[in-house]
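Following the hints, put chain C in place on chain U, whose structure we already have.
Chains U and C supply the protein sequences, listed in that same order. Under the working numbering, the residues of the first sequence are numbered 1 to 443, in order. Under the working numbering, the residues of the second sequence are numbered 1 to 443, in order.
Derived from the structure by calculation, the hints contain no laboratory data. The structure displayed is predicted, hence computed values, not measured ones. Zero decoy hints are in this set.
Put simply, identical chains are the same to the list, so a pair is met inside one copy or across any two.
Lysine to aspartate or glutamate pairs mimicking EDC-like chemistry, simulated, CA-CA at most 20 Å apart:
1. K36 with E270
2. K384 with E110
3. K395 with E432
4. K381 with E109
5. K384 with E109
6. K381 with E110
7. K36 with D126
8. K36 with E216
9. K58 with E239
10. K36 with D157
11. K395 with D426
12. K58 with D247
There are 2 protein chains.
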Amino acid sequence: MPAGGPDSRVPISAMTRRQLAAGVAGAGALRAARRKPNVILILADDLGFGDLGCYGSKTNRTPHLDRLAADGLRFTNHYSPSPVCSPARAGLLTGLAPDHTGVTGVLREEHDAAGGLSLQSPTMADHFRRRGYRTALIGKWHLGMSEPFRPMRRGFDSFWGFLNGVIDYNTHVSTGGGWRGRRTTFEGAEPAVWAGYFPDLLAGQAVRFIESNRAEPYFLYVAHPLPHLPLQAPEKWIEPFRGMQPDRAVYAAMVACLDAAVGAIREALERRGQWDRTILLFASDNGWAKQVTPAFAPLGSNGPLRGGKYELYEGGIRAPCLLRWPGVTRPGDVTASPSWLCDWVPTLAGHATADGIDLRDVAAGGSRGRNRALFWRFEDKLVKTPLSYAVRQGKWKLLIVGGQRRLFDLEADESESADVAAANPDIAARLERRLRAWVERLP
Amino acid sequence: MPAGGPDSRVPISAMTRRQLAAGVAGAGALRAARRKPNVILILADDLGFGDLGCYGSKTNRTPHLDRLAADGLRFTNHYSPSPVCSPARAGLLTGLAPDHTGVTGVLREEHDAAGGLSLQSPTMADHFRRRGYRTALIGKWHLGMSEPFRPMRRGFDSFWGFLNGVIDYNTHVSTGGGWRGRRTTFEGAEPAVWAGYFPDLLAGQAVRFIESNRAEPYFLYVAHPLPHLPLQAPEKWIEPFRGMQPDRAVYAAMVACLDAAVGAIREALERRGQWDRTILLFASDNGWAKQVTPAFAPLGSNGPLRGGKYELYEGGIRAPCLLRWPGVTRPGDVTASPSWLCDWVPTLAGHATADGIDLRDVAAGGSRGRNRALFWRFEDKLVKTPLSYAVRQGKWKLLIVGGQRRLFDLEADESESADVAAANPDIAARLERRLRAWVERLP
Numbered sequence: 001m002p003a004g005g006p007d008s009r010v011p012i013s014a015m016t017r018r019q020l021a022a023g024v025a026g027a028g029a030l031r032a033a034r035r036k037p038n039v040i041l042i043l044a045d046d047l048g049f050g051d052l053g054c055y056g057s058k059t060n061r062t063p064h065l066d067r068l069a070a071d072g073l074r075f076t077n078h079y080s081p082s083p084v085c086s087p088a089r090a091g092l093l094t095g096l097a098p099d100h101t102g103v104t105g106v107l108r109e110e111h112d113a114a115g116g117l118s119l120q121s122p123t124m125a126d127h128f129r130r131r132g133y134r135t136a137l138i139g140k141w142h143l144g145m146s147e148p149f150r151p152m153r154r155g156f157d158s159f160w161g162f163l164n165g166v167i168d169y170n171t172h173v174s175t176g177g178g179w180r181g182r183r184t185t186f187e188g189a190e191p192a193v194w195a196g197y198f199p200d201l202l203a204g205q206a207v208r209f210i211e212s213n214r215a216e217p218y219f220l221y222v223a224h225p226l227p228h229l230p231l232q233a234p235e236k237w238i239e240p241f242r243g244m245q246p247d248r249a250v251y252a253a254m255v256a257c258l259d260a261a262v263g264a265i266r267e268a269l270e271r272r273g274q275w276d277r278t279i280l281l282f283a284s285d286n287g288w289a290k291q292v293t294p295a296f297a298p299l300g301s302n303g304p305l306r307g308g309k310y311e312l313y314e315g316g317i318r319a320p321c322l323l324r325w326p327g328v329t330r331p332g333d334v335t336a337s338p339s340w341l342c343d344w345v346p347t348l349a350g351h352a353t354a355d356g357i358d359l360r361d362v363a364a365g366g367s368r369g370r371n372r373a374l375f376w377r378f379e380d381k382l383v384k385t386p387l388s389y390a391v392r393q394g395k396w397k398l399l400i401v402g403g404q405r406r407l408f409d410l411e412a413d414e415s416e417s418a419d420v421a422a423a424n425p426d427i428a429a430r431l432e433r434r435l436r437a438w439v440e441r442l443p
Numbered sequence: 001m002p003a004g005g006p007d008s009r010v011p012i013s014a015m016t017r018r019q020l021a022a023g024v025a026g027a028g029a030l031r032a033a034r035r036k037p038n039v040i041l042i043l044a045d046d047l048g049f050g051d052l053g054c055y056g057s058k059t060n061r062t063p064h065l066d067r068l069a070a071d072g073l074r075f076t077n078h079y080s081p082s083p084v085c086s087p088a089r090a091g092l093l094t095g096l097a098p099d100h101t102g103v104t105g106v107l108r109e110e111h112d113a114a115g116g117l118s119l120q121s122p123t124m125a126d127h128f129r130r131r132g133y134r135t136a137l138i139g140k141w142h143l144g145m146s147e148p149f150r151p152m153r154r155g156f157d158s159f160w161g162f163l164n165g166v167i168d169y170n171t172h173v174s175t176g177g178g179w180r181g182r183r184t185t186f187e188g189a190e191p192a193v194w195a196g197y198f199p200d201l202l203a204g205q206a207v208r209f210i211e212s213n214r215a216e217p218y219f220l221y222v223a224h225p226l227p228h229l230p231l232q233a234p235e236k237w238i239e240p241f242r243g244m245q246p247d248r249a250v251y252a253a254m255v256a257c258l259d260a261a262v263g264a265i266r267e268a269l270e271r272r273g274q275w276d277r278t279i280l281l282f283a284s285d286n287g288w289a290k291q292v293t294p295a296f297a298p299l300g301s302n303g304p305l306r307g308g309k310y311e312l313y314e315g316g317i318r319a320p321c322l323l324r325w326p327g328v329t330r331p332g333d334v335t336a337s338p339s340w341l342c343d344w345v346p347t348l349a350g351h352a353t354a355d356g357i358d359l360r361d362v363a364a365g366g367s368r369g370r371n372r373a374l375f376w377r378f379e380d381k382l383v384k385t386p387l388s389y390a391v392r393q394g395k396w397k398l399l400i401v402g403g404q405r406r407l408f409d410l411e412a413d414e415s416e417s418a419d420v421a422a423a424n425p426d427i428a429a430r431l432e433r434r435l436r437a438w439v440e441r442l443p
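Chain U extracted, bound-state conformation:
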């Protein structure tokens, strides 16, 4: 295992700039950064690029996430390695592109008996554990239902949540993505049954973990299920949005509930005096699911981006990402450097991977990886996404859907409305060559 991880110093180039900018406080932060900080990773589910106030939402209210953005770093080009849940999570937890994790699509009932994140791939939790961290998962797993694939076998010291993809938030019964019609809720290695609105229970669980946990450092992965459908929220969350069209009110309530969970976690950290020794990362697994439930398509937002979940248009793969890293990130900073979920294993868990880079330099205001290329391959037979490929490098994105090749200039055309391949044949050809080379190395 290479050296690195959050306890190492940030690259001196960026850090020097930081210190110059921050003066004495910067020096104190540098000392803090030498300890092993706690790491909390909050992953939202199907949260689109345009659904937070700090990303331009006019309908949702997300004061806690907006405050996190103001206190830390906001990514404007943060990607998921997949436009759907399971492979996005596989990429996040392994630092590998989904094709190298054994999980390239949504895990569904046909994978119940066997299947999930490749047992050959160590997870972020494994890496943290080896570095002396206590590891915990609270929330959704969706990387395998059968016993060898469950979280307690994949590096987590504790697990409180559900194994499958989607549950009814009131009854906690699977509505898909594994064990449909059954409860998939577990505490540790044992099935568990609770009563109440699941996201509320989850927030309480995360707060309790922080408040009662005596072992530091810890890695806490909060895989929050919202705002993924079903469209359900208790009255108390809907109340502030009365007057909106009813569906919109429930959706806004779900986003507010997610936001409040982030707020509750922050408060608990502050109460316990851990706020300045905890790295807090907030991200989403993919874009808003415009396609899945047509009646609800308008509720979520991928902002100006085209497409959504199940597609390799930007709306499917580019999503919000906020990072507060005490002593490293600068309040209110924004980065356009391209990054993706696969970067967090090298960045936070100090384990170099084939498909991720260490973003500490970016976190500190640098621009490492500015010119990197990111690659995607995806298809889904159930939702009828044809075999699709994409590569993004700099401002260019080549997208091949069902054999149809298009080139987009994301700087001039963030919405991917104009195919400029004919006007830029060399660029299209170069990207396609790189894409082919990448595809050839896939298993």
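Coordinates of chain C only, in the frame set by chain U:
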């Protein structure tokens, strides 16, 4: 069209007994029965044989349905022609076995573009309309999504409800059985959007129909969606069941909500002075869906009966049925005569059909059809029900599932636990011959 229908006299044999028993009141009722009474048919969804107080439930509270049973006739051998929604409804509305209606299984998304109740088969609403009735459907259709198959084209003067099989009761978006992910709610021929718990809206709609309707006689088909899952109920319905295991409380709330709808309809009839000129029939489309959502399997009850929805065991096809027919049924009467949903077209709409019989004699205390044979054929590839056949005659039932033949004596063994084919080879052979003859006539 043969003479008959609810405005004709009931058979004199039964009626004479009725009059002898009831005296003067019976004579008044006889006069009332000569007019054309309104007909209200309330069909519950997936309500099992054991889920009403008057059918032995100890957990649910169904005072209004219990009162209906006390005021009218309770059937203990009332069957559906199918163990699933769509074909049961096809049989109810046409009086034909499902194989003759074009609908032999659950209508699902693959039937969205075309498909539904055969356009060759007139419906109960068509028959009533021809007899001068105003016809209305409030609730679930599930007999075809595309325009020619919708209720307004199938004999109904008005329609308020949803076209598909299952909706989320709060958002009204289809969760299956047609147009999954879209709203399927219509008013008349136009899409409609409402807010609120659907079963509450439905009850209000039924009451308004009765209160505001100036045209009598009318045929009102209330296709109530409960207690079919999803397991959802507002607090006000759950409140009385606090203390129960949470899932049970919600299920009991859903049954109570269904029961209250029957109560509200009765109250409206009484307020409008229509109670004694309205035939009220309550039935269920099939048994409780034990198989569909394993986590919720224990919530509903098929009483002592084996199996449930999607199966030809008694639990799938025998369900509650209550009838109050002013001047015909006797308060608190119970009949064990075999009957099924296909009988209601001939009985109520006065149209003889190949697979139904006129139950007026049974309604009046007679036993017409006591020795009739009822036949079933069913399979479902999605839920993996193998090709199954059944025939019931008298106390005997022959059941063939996936080629395996069993004979049950339902009098001695209501739970179909003991195969007595070996001990009764002649009976098994005779029933199988009848079954084969029936199958040979199917399209």
